[in-house]
Amino acid sequence: MSDTLTNRATPDAATQLDIYRRMLRIERNDDATQTQIRRGRITAPYYSGRGQECIPAAISNLLNDDDKICTIYRGIHDMVAKDMPLKPLWAEIMGKVDGTCKGKGGPMHLTHPETGVMVTTGVVGSSMPIANGFGWAALLDGSKQVTIAYFGDGASNIGAFHESLNLASVWKLPVIFVCQNNGFAEHTRYENGTSVDYIAKRAIGYGMPGYTVDGNDPVDVWQHAYEAIERARAGEGPTLLECKTFRFCGHLIGDDNKYMDPGELDAAKEKDPLPKYRQKLIDDGVVTEAQLEEMKTAIEAEVQEAIEFGVASEFPPMEELRRDVFAEEIPA
1 MSDTLTNRAT
11 PDAATQLDIY
21 RRMLRIERND
31 DATQTQIRRG
41 RITAPYYSGR
51 GQECIPAAIS
61 NLLNDDDKIC
71 TIYRGIHDMV
81 AKDMPLKPLW
91 AEIMGKVDGT
101 CKGKGGPMHL
111 THPETGVMVT
121 TGVVGSSMPI
131 ANGFGWAALL
141 DGSKQVTIAY
151 FGDGASNIGA
161 FHESLNLASV
171 WKLPVIFVCQ
181 NNGFAEHTRY
191 ENGTSVDYIA
201 KRAIGYGMPG
211 YTVDGNDPVD
221 VWQHAYEAIE
231 RARAGEGPTL
241 LECKTFRFCG
251 HLIGDDNKYM
261 DPGELDAAKE
271 KDPLPKYRQK
281 LIDDGVVTEA
291 QLEEMKTAIE
301 AEVQEAIEFG
311 VASEFPPMEE
321 LRRDVFAEEI
331 PA
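Oh and the sequence shown: position 108 is 108 in my numbering, straight run, nothing missing.
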């Protein structure tokens, strides 16, 4: 792991607790989603972010509502970490009219600009050039907004990755490229599809800082993200963060994980960062077990209310098929 940070800040107790809250919100929402799919209440593709909670939770703690994230179809955990409201999220997953995209996008195309969730794209790696657009807009209007571009290790091998890093560096865009390297590009092991041992090394070719971070350690992620975001706000340009982690649920529900070595998944789950971080907070005196249980109860209630909201919402009417396709004439 790289340890060349110029300013290794330390998250205080409130920050650490907030990171855990975001992690737990991701996990509880993910568990409920998988349960509803198994019960047949949702019919939709679903790509679980379980095991990767530390990364967006730590980063989102450092973001404002007007800071942007651009993520991919495996990025619901990124949105939940950004405190996107769960009711419209669940309505969209269920294809209902009260969803973030009026039920037309489903789980692969969620968006919520009010909390900075700008786009979820189903095209591998396309979060990065879109993030550059928001970064360019921030430079033009003189704001201090930053944009996070989330993507997976497989996306680091497509043209958009290299083009985006190059342009962001040339224009010193306030964009942080966050590779959630979970070891597998869909169904391909990292070493079978990527030519370098660490994706962060590719930052050198584009004149920007690049760090390989322990994506299962919330504090390590937070410290690296802190420096990257401070750099971006100061007009010093982009950073590449490669956050090494492991996905617990395969590429999507139903994945048989044949590309994994025997026992590899079980070994990763034994190191689950969520209960590990929970115990650390208790041991360090940051919070009591009773307080964490209260937090869990509150989050589970939020998730349940969102499920009920989604179920109660109506399906879009037929006339919606022709809306949001072409620009409609606006009366003078």
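Calculated directly from the structure, the hints in this document are not laboratory data.
Take the hints with a grain of salt, since some may be wrong.
[To be verified] Cβ-Cβ distance ranges computed for the label pairs, FRET-style: (1) A312 with K280: 21 to 29 Å; (2) R8 with Q279: 22 to 30 Å; (3) A290 with P45: 32 to 40 Å; (4) R322 with N192: 28 to 36 Å; (5) K280 with G142: 25 to 33 Å; (6) A312 with T288: 31 to 39 Å; (7) V311 with G205: 46 to 54 Å; (8) D266 with D197: 18 to 26 Å; (9) A301 with Q34: 14 to 22 Å; (10) A301 with D261: 38 to 46 Å; (11) H187 with K276: 21 to 29 Å; (12) E163 with E236: 16 to 24 Å.
We treat Cβ as the ideally placed atom computed from N, Cα and C, and that holds for glycine.
Between the beta carbons of A301 and Q34, is the distance compatible with 14 to 22 Å? 19 Å, holds
Holds or violated: the 31 to 39 Å window for the beta-carbon distance between A312 and T288? 36 Å, holds
Between A290 and P45, does the beta-carbon spacing fit 32 to 40 Å? Given a distance of about 39 Å, which is inside 32 to 40 Å, the answer is holds.
25 to 33 Å as the expected CB spacing between G142 and K280, which holds or is violated: Because 40 Å falls outside the window, the suggested range is violated.
Lying within 46 to 54 Å: is that true of the beta-carbon distance V311 to G205? 50 Å, holds
Within 18 to 26 Å: is that where the Cβ-Cβ distance between D266 and D197 falls? Check passed, 25 Å falls within 18 to 26 Å.
When you take the CB atoms of E163 and E236, is the distance between them in 16 to 24 Å? Holds: the Cβ-Cβ distance is about 21 Å, inside 16 to 24 Å.
With 28 to 36 Å as the target window, see if R322 and N192 comply at their CB atoms. With Cβ atoms ~45 Å apart, the hint is violated.
Lying within 21 to 29 Å: is that true of the beta-carbon distance A312 to K280? Since the Cβ atoms of A312 and K280 sit about 39 Å apart, the hinted range of 21 to 29 Å is violated.
Per the hint of 22 to 30 Å, is the separation of the Cβ atoms of R8 and Q279 within bounds? 23 Å, holds
Holds or violated: the 38 to 46 Å window for the beta-carbon distance between A301 and D261? 40 Å, holds
Look at the Cβ atoms of H187 and K276 and judge whether their distance stays inside 21 to 29 Å. 28 Å, holds
Checked against the numbered hints given earlier, this structure breaks hints 1, 4, 5; the rest are met.
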